[in-house]
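Student: These protein sequences, in sequence, are chains A and B. Reading the first sequence from the start, the letters are residues 1 to 409 in this note's numbering. Reading the second sequence from the start, the letters are residues 1 to 439 in this note's numbering.
I should point out that these hints are in silico values taken from the structure, not numbers from a laboratory. None of the values given here were measured: they were computed from a predicted structure. Backbone N, C-alpha and C define an ideal beta-carbon position, used for all residues, glycine too. It is possible that some hints are incorrect.
To be verified - Just so you have them, the derived chain A footprint on chain B, three or more residues with Cβ under 8 angstroms: (1) 73 to 82; (2) 104 to 110; (3) 173 to 185; (4) 190 to 202; (5) 308 to 316; (6) 365 to 377; (7) 414 to 426.
Stated by the list, open to error - Calculated pairs, DSBU-like style, for lysine-lysine (alpha carbon to alpha carbon, straight line, at most 30 angstroms): (8) A:K83 with B:K396; (9) B:K439 with B:K338; (10) B:K241 with A:K83.
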Amino acid sequence: MQVAGIRPRTVAGFMFAGLMFALAMSIAAAVQAQTADQVPRLHGYTIVKPLQGVTHAEVRAAVAASSTIPMWDYSVVSPLDSKTYTGTMIGRSPYFHGLRTTNIPTFLVPLIINLPDGGVFDPTKADKNCLTAPNDVASTLMQQSPILTNASFTFGPTFVGDTQYIDAFQRGNFWNTNVVTTGNSYHTMLSPVTTLPAVTVNIPAGQGATYNAATMFGGCGNIGVMDNNTFDGILQNTVLPSLKSSGVGPTTLPLFLVYNVVQGVAGDSIGPSNCCILGYHNAVGAAVQVYGISDFDTTTIFTGGGSITSDTSVMAHEVGELTDDPLGTNPTPLWGNIGQVSGCQGNLENGDPLSGTVLPPVTQSNGFAYNLQELAFFSWFYRQTPPGLGVNGWFSNNGTFTAGQPSVC
Amino acid sequence: MKHIKRIIPLAFVGFFLVLLVRLSGWTDSLVEVTSESAQSANDSVSWSQLGGDGAVLSASTFNANSAGGSVTGTLSGPNSLVAVVCPASPSCSWADSFAGGDTLVWTSDAGNSGTGPLTLSFANPISGAGALIQSDVPGQFTVEITAFGSGGGTLGSFSETSDTNGDATYLGLMDSSGANIASIEYQITACGQADCSDFAIDTLFLNDTPVSASPTPTPTATPTPVVTTTLTTSPAKLDFKNVDATATSKTKKLTLHNKGANAATIGQIAPPSSFTLSSDNCSNLTVAPKKKCTVDFAFAPATAVGSVSETLVIPYNGASPSETLEGNGIAVTLSAPKSVTAPSVAAGSVGKAKKITIHNKSTATVQIGAASLSANFQIASGGDACANTALAAKGKCVVSLEFAPATGTSGTLPGTLAYNFTYGANSNSVSISLKGKVK
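Using the sequences and the accompanying hints, generate a full structural model.
Tutor: What follows is the structure, encoded as structure tokens:
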């Protein structure tokens with residue numbers, strides 16, 4: 001029998017060819033394995049920009065006047081040092097007698113980043129290279145993600161709700177206050193969620209550059225790097241004011257989304273001393289505008305590989321942090337040498353101790369399996385005596401932490 | 001004649017006082033009631049008729065019925081709720097000391113618009129009313145009830161402070177002279193935070209018919225509109241001056257002095273942001289008249305917040321005294337020589353090491369990162385005791401720098417040695433200018 005396009009060969013010829021093919025494949029596989037082992041990875045991390053120049057009394061006044069998003073104050077004595085720590089969180093206190101849903105009006109704002117070297121990063125455009133149709137548009141995937149759309153969340157053996165991820169986290173965080181007693185009453189929801197038309201941001205010369213993630217790091221597509229201070233200045237001075245007519249302001253929570261764009265401090269180089277901020281949250285002004293920004297990564301070039309920083313992992317980190325530390329000023333006993341923190345840190349940034357740790361993927365009705373970063377509970381930061389306040393007696397929402405960190409700083 | 005001249009003005013004053021009392025509606029027949037049994041009610045209003053748990057009272061008024069007629073509730077805005085008390089119902093939104101399964105009117109909170117006070121107006125005047133009340137905010141609270149007559153005048157008001165747990169507290173009143181009460185108003189006047197407008201009220205008990213002159217009321221003889229407790233603070237301001245971010249200042253003592261005639265029942269004192277309570281001998285305690293208690297505060301700015309001035313709220317059964325806590329949270333810097341000249345050496349060679357000392361003169365521990373060093377300079381092998389170390393407050397570290405000009409270089413070559421460092425959530429850097437001459 002002759003197969004179209006293939007000349008008839010002898011059996012010996014086929015055997016020789018097969019042996020050579022197998023040998024070639026094994027060498028290729030070995031080379032490929034070695035290459036994969038040696039792929040350089042970039043250090044991805046997140047930051048917080050604390051509220052400055054505004055007193056806590058002014059924040060309280062803004063909250064009381066409903067001129068900012070709802071926030072509540074807590075006061076806790078840490079068994080670690082017997083000091084009293086006070087702070088502010090988004091939503092409503094789970095310690096109150098009455099439990100109810102607090103809605104935080106939220107805007108998802110896709111940003112098209114134009115870099116001065118011609119690189120264009122558009123989260124509203126299909127990317128058939130690094131994503132798979134029909135789930136190939138980052139902003140659509142974010143809209144449909146468990147961060148903005150309900151999913152079923154069960155932490156360990158405990159069902160915490162059909163809800164958004166950060167609401168599920170916050171319910172688990174304070175499970176043993178009045179949350180479990182009142183069943184399905186306590187929620188902190190991003191609602192309503194409005195996705196705005198994409199806003200184009202042109203990064204000035206010398207402040208942004210495009211790199212080939214595939215050839216340089218063995219990843220997918222291109223990666224953009226822009227200077228963090230330049231970008232945040234554009235956000236505060238140009239983008240946020242331009243969105244006022246769309247309803248964006250201090251009584252709402254804007255979440256900015258970029259696609260495969262990270263930030264450097266300072267500048268746009270991609271070296272380890274400068275790169276790569278994957279996201280941050282900020283609070284500005286006496287009226288207290290809280291906002292967050294996150295990269296939707298599909299390059300998979302960051303430390304730890306794909307899932308750890310991919311798709312919605314960073315947004316989960318940022319929304320978790322801005323919920324529990326919206327002003328970036330909630331003090332805690334020092335903790336550190338864990339997650340993305342190599343030294344010591346003293347704030348309630350609940351994503352930082354677990355940067356690099358994700359939940360089992362959560363698959364939504366669109367078929368996309370979302371990555372969500374695990375977050376640390378209130379009891380972990382203040383070293384509360386187990387079982388603490390969290391669900392299952394845990395100190396983080398996937399059980400990585402089962403007690404507060406011993407004194408290490 | 002002289003006597004008549006004196007009697008006429010006195011009679012006039014007496015007539016005027018009687019007239020004033022009649023016009024204002026104050027009556028000594030009004031008594032406070034602090035238990036459901038003492039109320040001896042013959043009617044009630046169950047709030048379950050307004051809807052199930054979580055039902056939104058979408059307008060600022062709502063109507064309910066009792067056997068004796070309709071009752072209209074008025075709030076300051078919409079979005080209050082019907083709440084059901086745990087744990088008797090599978091659907092509940094109110095935890096704690098009401099009886100499980102009871103249905104409440106919850107006056108919402110500032111974030112949801114519909115706050116107290118709650119006014120309950122009766123289609124047919126009543127002679128008494130009362131209910132269990134609880135503040136939404138945990139901890140001790142004070143509730144006040146005021147009665148109004150048909151003309152809108154105030155008949156009197158009473159206050160009651162809960163136990164220190166902040167359990168639901170019964171408060172009502174009765175008018176032994178008849179059904180003169182057209183409306184009552186409930187409000188929380190003190191709680192563990194500044195905004196106390198948010199509370200819940202259980203079943204409303206009513207005396208539809210005139211009560212007898214001595215029905216077994218709580219023996220409170222006269223209306224007591226105002227608690228006369230007065231706490232003062234000394235000093236009026238605690239200024240902690242400059243404190244390094246992430247460090248904690250020395251403590252300062254605040255004395256609370258009860259200069260009133262009543263015992264002062266103090267709630268949990270919460271220090272404002274950036275301040276800590278290092279010793280607390282006042283919270284959740286009762287201070288007798290003329291007695292004092294003390295609280296020690298410290299300033300512990302997590303970040304370089306700059307100048308901070310915060311008002312301290314003292315929660316107790318009276319108006320919070322004015323007390324200000326001040327401090328200045330400053331950034332941490334490291335001290336090092338501004339410039340260093342390394343020993344000269346020929347191009348392609350390595351010069352003698354020059355030791356550079358970096359001091360942490362602050363009161364905070366800093367975490368120093370890796371060294372950033374210009375070309376033609378290098379750090380001697382094992383000579384960097386600063387990089388990637390935690391430098392304690394008042395500590396120092398030493399780095400040995402070598403000039404190593406590349407082949408082909410000449411003249412005097414500049415450079416920089418820099419370290420980034422972090423402390424808490426903060427970061428900063430220290431930079432040293434370098435110079436080396438090629439022989």
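Student: Against each hint, give a clear statement of whether it holds in the structure.
Tutor: Hints versus structure:
{"no.": "1", "hint": "73 to 82", "in the structure": "violated (count 1)"}
{"no.": "2", "hint": "104 to 110", "in the structure": "holds (count 3)"}
{"no.": "3", "hint": "173 to 185", "in the structure": "violated (count 0)"}
{"no.": "4", "hint": "190 to 202", "in the structure": "holds (count 5)"}
{"no.": "5", "hint": "308 to 316", "in the structure": "holds (count 4)"}
{"no.": "6", "hint": "365 to 377", "in the structure": "holds (count 4)"}
{"no.": "7", "hint": "414 to 426", "in the structure": "holds (count 4)"}
{"no.": "8", "hint": "A:K83 with B:K396", "in the structure": "holds (28 angstroms)"}
{"no.": "9", "hint": "B:K439 with B:K338", "in the structure": "holds (24 angstroms)"}
{"no.": "10", "hint": "B:K241 with A:K83", "in the structure": "holds (20 angstroms)"}
Of the numbered hints given earlier, the model fails hints 1 and 3; all others are met.
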